[in-house]
Amino acid sequence: MKKDIILSGVGGQGILSIATVIGEAAIAAGLHLKQAEVHGMSQRGGDVQSHLRLSDKPIFSDLIPRGQADLIIAMEPMEALRYVQYLHPNAWIVTASEPFVNIPNYPDSATLKKNLDAFPNVVSRNIEALAKEASLPKSANMVLLGMAASHIAILTPEQLRAAIGRVFARKGERVVADNLKAFDLGRDAARQEIEPES
Amino acid sequence: MPEKKLLLGDEAVALGALYAGLSGVYAYPGTPSTEITEFIQRHPLTRKRGIRSRWCANEKTAMEAALGMSYSGKRALVCMKHVGLNVCADAFVNAAITGVNGGLVVLAADDPSMHSSQNEQDSRFYGKFAMVPIFEPSNQQEAFDLVEEAFDQSETLKLPVLFRLVTRLAHSRADVSVPDAIREMNPFRPEEGRHWILLPAIARKQYQALLGKQGQLEAEAEKAASLEKIDGKGLGVIACGIAANYVKEAAPKGVSFLLKVTRYPLPRNKIRELAAVSDRILVVEDGQPFAEEQVAAFLGADYPVEGRLTGRLPRTGELNPDVVAAALGKIPNLTFEAIPDVASRPPALCKGCGHRDVYKALNDVLSEYPGARVFGDIGCYTLGALPPYQTIHTCVDMGASITMAKGAADAGQFPSIAVIGDSTFTHSGMTGLLDAVNDRANITLLISDNLTTAMTGGQDSAGTNRFEAICKGIGVEPEHIRVVVPQPANLPEITRILRDEIHYNGVSVIIARRECIQTLGRKLRKQKAEKG
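Protein sequences appear in the order of chains A and B. At position 83 of the first sequence (counting the first as 1) the number is 83 in the working numbering, and the numbers step up by one without a gap. At position 321 of the second sequence (counting the first as 1) the number is 321 in the working numbering, and the numbers step up by one without a gap.
Derived by calculation from the structure, the hints in this document are not laboratory data. For glycine and all other residues, C-beta sits at the position ideal for the given N, C-alpha and C. Each hint should be verified, as a subset may be incorrect.
[Stated by the list, open to error] Chain B side only, calculated, beta carbon under 7 angstroms to chain A, not exhaustive:
(1) Ala174
(2) Glu293
(3) Asn333
(4) Ala343
(5) Pro347
Given the sequences, and given the hints that come with them, work out the whole structure.
Below, the structure written as structure tokens:
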């Protein structure tokens with residue numbers, strides 16, 4: 001079994017902490033993993049992405065070939081759309097719905113929605129609002145990870161929860177508890193969106 | 001029992017060096033090599049063993065200090081981005097002539113596709129030029145394992161070893177199996193003999209000795225190359241370093257044999273063997289067509305060799321699984337097309353960054369001088385070339401702002417302004433300033449001092465708190481060394497000082513000093529965490 005995931009967002013949004021949690025869970029589960037990151041100049045408010053590959057067999061390429069990714073996890077909707085060529089037909093897009101506008105030619109919300117709606121498998125939620133509502137403003141990225149959890153499949157949500165515990169342990173019990181709560185919130189939010197359609 | 005760790009390619013090199021008995025790392029920060037030195041600085045073994053690890057002023061000082069440590073019998077690592085090798089080329093090439101005592105590994109991290117660089121030069125050419133062994137791992141595990149072998153080989157052959165990474169490996173994490181055993185550090189045992197004195201008579205002898213070692217270098221590289229049988233017939237593939245992963249990812253059916261190269265000089269015998277069992281060869285390598293050119297030359301004009309030079313692979317840019325699969329004849333199966341509404345999102349200076357205030361002030365003043373030119377340099381402030389500021393007219397190499405402004409002023413340019421960061425100034429700007437002072441060049445130099453090496457993530461900057469003293473010592477007249485705090489409220493003062501110093505016919509220096517808001521933010525968060 002393999003899982004090829006593209007994480008994307010804008011520099012400074014915290015996509016690498018999502019990668020760190022998945023990576024920690026993968027190592028504990030004895031899986032092979034490769035994770036190509038972006039460092040350097042593009043981190044200054046530019047678009048950033050990370051290719052995360054998990055497999056029970058050795059992985060060769062650090063980068064995911066186009067047309068083979070199973071999942072995009074995005075902190076920002078336009079940044080989710082930037083990488084759709086990487087997806088296979090049954091892949092999922094799990095994204096934050098709130099735009100990060102720091103360029104003059106950012107597409108309007110109707111255009112964004114039209115583009116996103118063209119994909120068969122999308123979970124899109126306002127993660128910042130969800131996190132704020134629950135008084136967890138610093139854990140929006142763990143809300144997003146929670147939303148994506150059921151699509152990561154090669155790792156169970158319980159394995160991801162345990163990894164959150166280990167990754168945030170040095171920041172204290174309160175931070176661990178907040179991030180676990182945010183993760184669970186994301187899982188619920190993802191389920192709620194699917195329900196009306198079923 | 002071996003332990004599994006999740007490591008960046010850079011971190012795997014760092015840990016490999018620590019496990020190989022490293023005594024000192026010498027480096028100037030540069031993407032994608034920075035994380036090697038940072039990892040060593042943070043590692044508990046560094047404190048326990050007293051391993052030398054502070055940042056150096058530039059790559060040349062780093063290389064020479066590492067050579068001094070090697071002279072004294074200890075193992076030293078020098079790390080830099082590819083263009084850093086240009087800065088220390090004098091010391092690097094001559095270190096092959098003196099030879100080494102303790103193992104000396106020179107790590108150059110190349111940046112094909114120029115993710116964070118001004119060119120995509122391939123460091124392997126430098127290795128061949130200096131006639132030293134080159135190691136090029138294909139993955140994180142090899143990055144860890146090969147470092148110790150590189151140190152061993154450096155001591156056996158008494159030569160520096162060039163260790164080449166590319167961005168994609170440097171900045172990608174994978175699980176690495178790390179053994180228990182950590183090698184002891186070498187004892188202090190300075191070299192005896194006069195072969196370190198490169199007077200012509202001695203250098204000629206040493207050069208002959210270097211030539212004499214080439215057979216041994218080739219034999220070592222030959223031993224390390226592996227020829228792997230694949231299913232097909234006809235096409236033989238030579239894959240260098242990380243390229244081997246892309247070839248395997250494509251799982252090519254038509255390939256007869258795969259020759260994976262992780263050491264240079266190129267293994268000529270294995271290449272001939274491959275040629276004999278194939279009817280044509282594809283060379284897959286990240287960076288420039290270094291191997292392809294040589295393979296084509298070994299095999300002669302009649303043997304078909306393909307790669308970047310023949311257009312089978314793109315001539316520029318980093319490799320990826322898609323271009324390699326295409327070169328192997330695999331047609332991609334794409335479902336979704338790129339979305340035209342997605343706009344590009346270039347990086348920008350952070351909100352609240354002092355460089356912004358510097359450029360705002362410069363734009364205000366220079367609007368009064370239509371012919372003004374601003375010579376820029378390497379760092380975050382290079383983003384002053386992009387909207388909304390578009391202030392700088394050039395960016396070439398570390399330190400070139402000052403010397404180009406001087407040369408342009410020599411030619412009649414006025415105003416001739418240079419903008420340089422604090423760390424770039426101590427890296428390569430100071431000597432240029434001395435030239436400007438000696439010539440009484442009519443330039444205005446802005447040192448945008450944010451107290452750190454910000455571009456690469458906030459490393460210590462070599463001259464912090466000493467810039468006024470440095471400029472004075474170089475000979476800039478004290479009344480033309482001005483210090484301002486770049487923030488919006490001070491704009492009137494900054495623009496006034498700028499006008500005054502542009503009018504002054506000679507070298508003036510304006511130091512615009514305010515801490516990088518990224519490092520400041522980190523510091524404040526840390527303080528808060530410690531209190532709370």
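May I ask which of the numbered hints given earlier this structure violates, with the numbers listed in increasing order? 2
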